[in-house]
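Trainee: Given the sequences, and given the hints that come with them, work out the whole structure.
What follows is each chain in one-letter form.
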Amino acid sequence: APLAAEDLTPVRFTLDWKFEGPSAPFFVAIDNGYFEDEGLDVTIDTGAGSREAIPRVATGAYEMGFGDLNALVKFLADQPDAAVEGIFMVYDKPPFAVIGRKSQGVTEDPKSLEGKTLGAPPPDAAFGQWAAFVDAAGIDTSDITIENVGFPVREPMLAQGKVDAIFGYSFSSVLNLLAQGVAEDDIVAIMMADNGLDLYGNAVMVNTEWAEANPEAVEGFVRALVKGLQATVADPETAIKSVMSRNEIADEATELARLKMAIADNIVTEAVETDGLGAVDMDRLGASITQLQTSFDMPNPPAPERVFDPAYLPPVEDRLPN
Amino acid sequence: MFVSLDGVRLAYPSDYGEVLALDGLTMGIEEGEFAAVVGPSGCGKSSLMRLATGLHLPQSGAIRVADKPVTGPLSITGMAFQNPSLLPWRTTLANVMLPLEIVRPHRRRLKHERTAYTQKAEDLLSLVGLEGFGARFPWQLSGGMQQRANLCRALIHDPVLLMLDEPFGALDAFTREELWAVMQDLHAQKRFTVILVTHDLREAIYLADKIFVMSARPGRIISEHRVPFPRPRPMDITYEREFVDLVQELRGEIADARKEVA
Amino acid sequence: MFVSLDGVRLAYPSDYGEVLALDGLTMGIEEGEFAAVVGPSGCGKSSLMRLATGLHLPQSGAIRVADKPVTGPLSITGMAFQNPSLLPWRTTLANVMLPLEIVRPHRRRLKHERTAYTQKAEDLLSLVGLEGFGARFPWQLSGGMQQRANLCRALIHDPVLLMLDEPFGALDAFTREELWAVMQDLHAQKRFTVILVTHDLREAIYLADKIFVMSARPGRIISEHRVPFPRPRPMDITYEREFVDLVQELRGEIADARKEVA
Amino acid sequence: MILTLLKSPRAAPFIYAVALIILWELAVRIGDMPVYILPAPSVIVGAIVKYWSPILKNSLVTLWTTLAGFLLALVGGLALGLLVGWSKAIYSGLYPLMVGFNSIPKVAVVPILVIWFGIGVVPAIITAFLIAFFPVVVNVATGLATIEPETEDVLRALGASKWDVMTKIGIPRALPYFFGSLKIAITLAFVGSVVSETIAANAGLGHMMLAAQSQFNVPLVFAGLVMLAVEGIVMYAVMAEIEKRTTGWARRGGVR
Amino acid sequence: MILTLLKSPRAAPFIYAVALIILWELAVRIGDMPVYILPAPSVIVGAIVKYWSPILKNSLVTLWTTLAGFLLALVGGLALGLLVGWSKAIYSGLYPLMVGFNSIPKVAVVPILVIWFGIGVVPAIITAFLIAFFPVVVNVATGLATIEPETEDVLRALGASKWDVMTKIGIPRALPYFFGSLKIAITLAFVGSVVSETIAANAGLGHMMLAAQSQFNVPLVFAGLVMLAVEGIVMYAVMAEIEKRTTGWARRGGVR
Ligand SMILES: Nc1ncnc2c1ncn2[C@@H]1O[C@H](COP(=O)(O)OP(=O)(O)OP(=O)(O)O)[C@@H](O)[C@H]1O
Ligand SMILES: Nc1ncnc2c1ncn2[C@@H]1O[C@H](COP(=O)(O)OP(=O)(O)OP(=O)(O)O)[C@@H](O)[C@H]1O
Ligand SMILES: [Mg+2]
Ligand SMILES: [Mg+2]
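The listed protein sequences correspond, in order, to chains A, B, C, D and E.
For what it's worth, our numbering labels the leading residue of the first sequence as 1, then goes sequentially.
For what it's worth, our numbering labels the leading residue of the second sequence as 1, then goes sequentially.
For what it's worth, our numbering labels the leading residue of the third sequence as 1, then goes sequentially.
For what it's worth, our numbering labels the leading residue of the fourth sequence as 1, then goes sequentially.
For what it's worth, our numbering labels the leading residue of the fifth sequence as 1, then goes sequentially.
Watch out, some of these pointers could steer you wrong.
Once the Cα atoms are required to be at most 20 Å apart in a straight line, the calculated SDA-like pairs of lysine to any residue come out as [as the list claims (entries may be wrong)]:
#1 E:K88 x D:V45
#2 C:K259 x B:G132
#3 C:K210 x C:P230
#4 D:K88 x E:Y16
#5 C:K259 x B:R176
#6 E:K162 x C:R108
#7 C:K120 x C:L93
#8 E:K88 x D:G248
#9 C:K210 x C:R226
#10 C:K190 x C:H106
#11 E:K162 x C:S85
#12 E:K88 x D:I242
#13 B:K210 x B:P230
#14 C:K190 x C:D123
#15 D:K162 x B:G54
#16 D:K57 x D:V45
#17 E:K57 x A:M191
#18 B:K259 x C:D245
#19 E:K244 x D:I242
#20 D:K88 x E:K162
#21 E:K88 x D:M239
#22 A:K111 x A:E147
#23 D:K244 x B:A135
#24 A:K162 x E:W116
#25 D:K244 x B:W139
#26 D:K162 x B:T71
#27 A:K102 x A:E237
#28 B:K259 x C:E178
#29 B:K259 x C:V182
#30 D:K57 x D:L67
#31 D:K88 x E:G248
#32 B:K259 x C:G132
#33 A:K162 x A:V188
#34 C:K190 x C:A116
#35 E:K88 x E:L67
#36 D:K162 x B:P73
#37 B:K68 x B:G32
#38 D:K88 x E:F179
Hints listed in this document are in silico derivations from the structure and should not be mistaken for laboratory results.
Mentor: Written as structure tokens, this is what we have:
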């Protein structure tokens with residue numbers, strides 16, 4: 001039976017970014033009452049980047065959040081005692097990509113980037129993996145020029161041909177380029193994950209101190225989120241409404257496209273079809289941490305178990321994508 | 001002595017070495033006395049006034065007012081500066097009432113008794129011929145009117161010691177003589193102590209009990225005169241033989257004082 | 001007539017209706033003449049000066065200077081304001097030299113002939129008893145010294161028309177009389193036209209060729225006197241019978257002028 | 001006719017604004033500026049019409065956080081200005097620190113505020129305050145430091161305390177500059193709250209613009225900017241009115 | 001002893017700075033502030049020592065772009081201030097537009113500059129200029145608008161032109177406030193160039209801090225902030241010195 005409002009456990013949750021298509025599962029879980037059924041009163045705030053969520057959760061400003069697991073690895077390497085860990089993997093495959101234009105000589109082959117000028121906002125998470133990607137894909141960087149282009153000018157610079165390719169999330173940059181009139185068949189997204197960089201993407205994180213005190217709340221959150229994800233995967237057209245009601249300025253068609261791209265490319269991967277939503281393969285995680293050492297200066301990388309705690313996951317059969 | 005300066009020396013610092021304004025100045029004024037100070041331009045009269053109110057402290061020598069050594073600005077004084085320096089953002093009335101906002105005990109009372117105080121200020125303004133000008137801003141007054149408002153501001157808080165630095169300089173002879181009479185009456189009524197700086201020897205003699213003549217810079221007192229005429233003094237007295245002689249005597253002394261340095 | 005005002009009316013706008021300062025004022029001054037204007041405080045003398053230099057324009061009536069109607073500020077005049085208003089960020093010397101930076105043809109010449117002009121300014125300063133004070137800032141001068149610097153500033157650019165608004169008010173009798181002599185000499189030398197506003201009737205008579213007496217506000221000319229004494233006039237003339245009589249006559253007129261409104 | 005209109009102070013704001021808009025429109029059309037860089041005014045108007053509801057809502061949020069921050073800056077700046085004007089030691093001690101602090105982009109401070117206050121209006125208000133108080137301090141302190149001693153003496157001769165001198169002379173005398181600083185402060189307060197909203201808010205123009213930016217809805221971003229400008233101008237008008245009433249004495253002359 | 005030292009204007013800057021640093025260190029240690037939010041000064045010093053070479057290089061880049069933008073702002077602000085002070089119509093026409101423009105965060109303008117001028121120092125210089133000129137305009141225009149008519153008349157009576165009045169009286173009279181506005185402008189110029197560097201530059205403190213941020217190197221970010229503060233303070237000291245020499249007359253008194 002639903003609990004009275006004052007008996008619900010309040011949970012402050014910070015997203016990775018604004019209220020856009022890929023955040024639909026969280027809102028679906030609210031709108032469909034999944035969180036409430038678990039005795040939770042979840043408030044969701046916008047984020048300022050996949051990395052920014054980590055300190056927000058670590059300091060306890062937020063109980064839970066949605067952020068980049070790779071950034072969490074680096075964060076824990078520097079702050080081994082920080083009260084934060086991943087508990088639920090959402091982007092089994094990260095959307096990190098190098099997006100280029102065929103008309104400027106960029107193809108699906110990462111080696112086509114050699115000799116090109118790449119635009120990169122330094123805080124961009126995809127650019128953050130450049131070193132590891134170079135390593136994994138065997139790219140010769142000697143005559144690649146990296147230009148610091150901020151987020152607002154990243155896609156325009158590519159659209160204007162001032163750079164040949166940019167770093168970014170596939171589902172953001174591709175849609176942005178389309179919005180700027182770049183022909184769809186001119187755009188090519190080199191997914192890092194498809195080219196030897198086997199990393200994880202964004203995951204739900206929790207403040208460990210709070211989680212220890214409220215384990216059943218965390219479990220409940222995860223159960224509700226699974227339902228949200230399942231509902232979203234089953235019916236993205238309905239799910240997107242939960243985003244649209246919170247973001248009056250969004251364009252429904254675009255957000256739906258973004259959501260569908262995220263589901264297809266990042267959320268419901270082959271691994272997820274078998275292992276279920278939210279799970280992490282500890283070996284793969286361990287390997288990715290090793291890969292990350294190329295990108296990040298990490299003398300003391302955290303153990304995979306420190307980064308991700310599967311303890312709150314329900315049984316596999318309860319969290320299959322459909 | 002109500003006001004006493006003893007061997008006072010005042011030098012202004014400046015980029016070109018210091019400027020010695022007063023040196024070895026000694027003078028004393030009794031309570032309730034009306035004193036006048038005369039002397040050549042630039043001899044240090046204004047500086048003397050600033051010392052007596054505590055606006056400046058002397059480099060050496062002692063200054064006492066009301067039996068206390070002066071260590072900083074005194075609030076028992078009312079000062080009419082040589083330059084009217086009315087505050088341009090206040091109306092004339094508000095300018096005149098400024099001391100009431102500062103000086104105790106008026107400061108405390110002002111809130112409750114504003115009408116009474118306003119009346120008092122307006123009375124003072126009409127006493128100097130400025131009735132109806134209270135609502136004007138200072139820059140809407142003529143030079144002489146500003147000077148008169150300045151005088152009102154010095155009087156409003158019933159100071160025990162009144163310092164007047166050429167208060168009538170910008171006035172025509174008649175307005176000036178009217179104000180002499182006003183000052184004489186006020187002094188008779190309230191018995192405050194006055195130090196008046198003036199270039200008008202008739203003014204000094206008509207108003208004062210005692211006149212100090214200053215030397216050229218560095219200023220010190222070269223002579224002191226008691227004015228023998230009984231009070232109240234009619235305006236006609238200024239044409240009397242004895243009066244005119246005193247004027248001539250002072251004139252001569254100032255002439256000598258100027259030559260001394262020249 | 002070098003300067004002529006004809007039926008001039010000047011009213012200052014104010015929140016409480018306009019203030020009529022001058023009404024129906026008519027006067028004329030010949031080229032090279034030394035005119036004095038006397039009248040009660042607040043009667044509109046300074047306003048008259050502002051009209052004659054074109055700083056204000058009259059609401060009605062005509063003003064002509066040097067045969068041209070006055071439509072805006074004139075640069076042929078030198079004006080000593082009642083309030084010295086020296087610029088505090090300039091030394092006294094730089095203040096005195098200010099007109100040279102503005103008025104043609106000096107403005108153009110100043111760069112090449114700076115030493116000559118500086119010498120001229122310094123000569124003027126010593127003429128009024130301020131030698132050695134050129135490097136001081138105005139706020140380091142006494143009130144009377146500021147007034148004298150103000151006078152120098154009015155003279156530096158050899159104006160054809162000199163306007164002096166109580167230029168000697170803050171000076172002691174001797175300094176004042178010295179400057180009278182200086183003014184008389186300068187006038188004899190350069191034959192500029194002068195309008196002098198003063199409250200000192202002896203000053204007016206000693207210096208002027210023609211004296212205008214103004215009524216109380218709203219000001220107009222109630223009488224005009226030619227001064228009969230030949231030039232150069234010795235200082236002693238002020239004690240002569242005829243001189244003293246003229247003083248008394250003017251005194252009487254001003255007294256009447258004041259009563260008219262009172 | 002046009003010339004006289006141009007010279008009329010009442011018509012001028014509109015004429016200048018219209019001229020700017022026309023110029024802008026022409027520049028975009030002739031210069032063939034892509035819409036995702038600089039949309040033409042007509043396009044921006046289209047966005048305003050289309051999104052009027054979220055624009056209005058977010059504008060109000062930003063307006064109130066800005067005003068709150070601005071009022072804090074006003075009070076705080078005045079107090080700090082008085083403090084700095086009070087003593088030479090405080091002046092020379094505190095001033096460099098404030099200059100140093102103000103040379104730092106306030107974006108850097110927002111994450112700290114988020115940790116302390118969560119996201120929402122509080123960080124925005126504080127950021128607006130932090131960015132806006134400095135001009136007020138500077139102008140108030142300058143006003144106090146440059147009181148003419150002649151005027152000050154009038155009060156000192158009455159035995160007035162420093163506090164009296166500051167409130168009765170320092171502030172009224174510096175009032176025109178105080179208002180000048182408020183004009184600077186209000187614009188900075190807008191910048192501050194918007195910057196904070198881009199990082200830490202679920203509402204406000206900053207939030208809206210970043211969300212729009214993230215979808216490359218550049219006309220909407222510019223609609224937000226235009227709203228900011230309009231709010232700034234409205235606040236300016238309010239202050240100009242207050243200023244006119246309180247500093248008439250200082251503007252009795254001016255270059256004519 | 002300490003009290004007299006505290007009251008000495010020469011020692012004060014150091015005492016206040018040291019006090020701030022100690023307080024900060026204590027706050028971080030006692031408040032147990034995580035290093036990724038607010039590193040302690042000691043940690044920041046460590047970062048400065050470790051990364052001194054890139055910090056120095058990037059600092060110099062930022063310093064020069066800032067100075068260039070600041071000088072432009074100074075000249076442009078002065079010119080615009082004179083223009084605005086010149087005529088009431090220009091004042092009431094241009095002022096609201098400037099207020100509106102300044103209510104816009106300059107981050108929004110950088111993309112346009114990048115498209116026009118490419119990546120590098122030019123956008124940074126222009127951004128610094130755009131953000132910094134307004135305070136100068138406001139204070140210069142206020143200075144001109146509040147010239148005492150008594151003083152102005154001295155010049156007008158000589159047949160002086162408006163230009164003469166503005167340069168011989170308006171500017172000298174407003175000089176203390178002009179310098180005040182420069183203090184505000186220099187801090188804003190730093191903010192402007194850094195903001196631009198974060199969006200479009202391959203060097204400069206803004207670029208460096210952003211890069212450090214992406215590496216979670218928060219101490220280095222704060223080292224950059226400290227460098228900014230230090231550069232701001234140095235510039236302040238330079239201007240304070242110039243100010244002292246040119247506006248001695250105005251500070252002859254002040255609250256004593
Ligand atoms: N702030 C100052 N700095 C330097 N010198 C000063 C300062 N104030 C006054 N002086 C000098 O001190 C001397 C005396 O000045 P003071 O104003 O006391 O003269 P005074 O007798 O009032 O003259 P006056 O009758 O002209 O008003 C003058 O020579 C003047 O130059
Ligand atoms: N700016 C102004 N606004 C309003 N009224 C003014 C203004 N200036 C002068 N007045 C008024 O005009 C009248 C004449 O002033 P003016 O200064 O000409 O007198 P004056 O003859 O020079 O007096 P004084 O001898 O006292 O200097 C006065 O009543 C004064 O109040
Ligand atoms: Mg004096
Ligand atoms: Mg006058």
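Trainee: Which numbered hints does this structure break?
Mentor: 1, 17, 18, 19, 20, 27, 35
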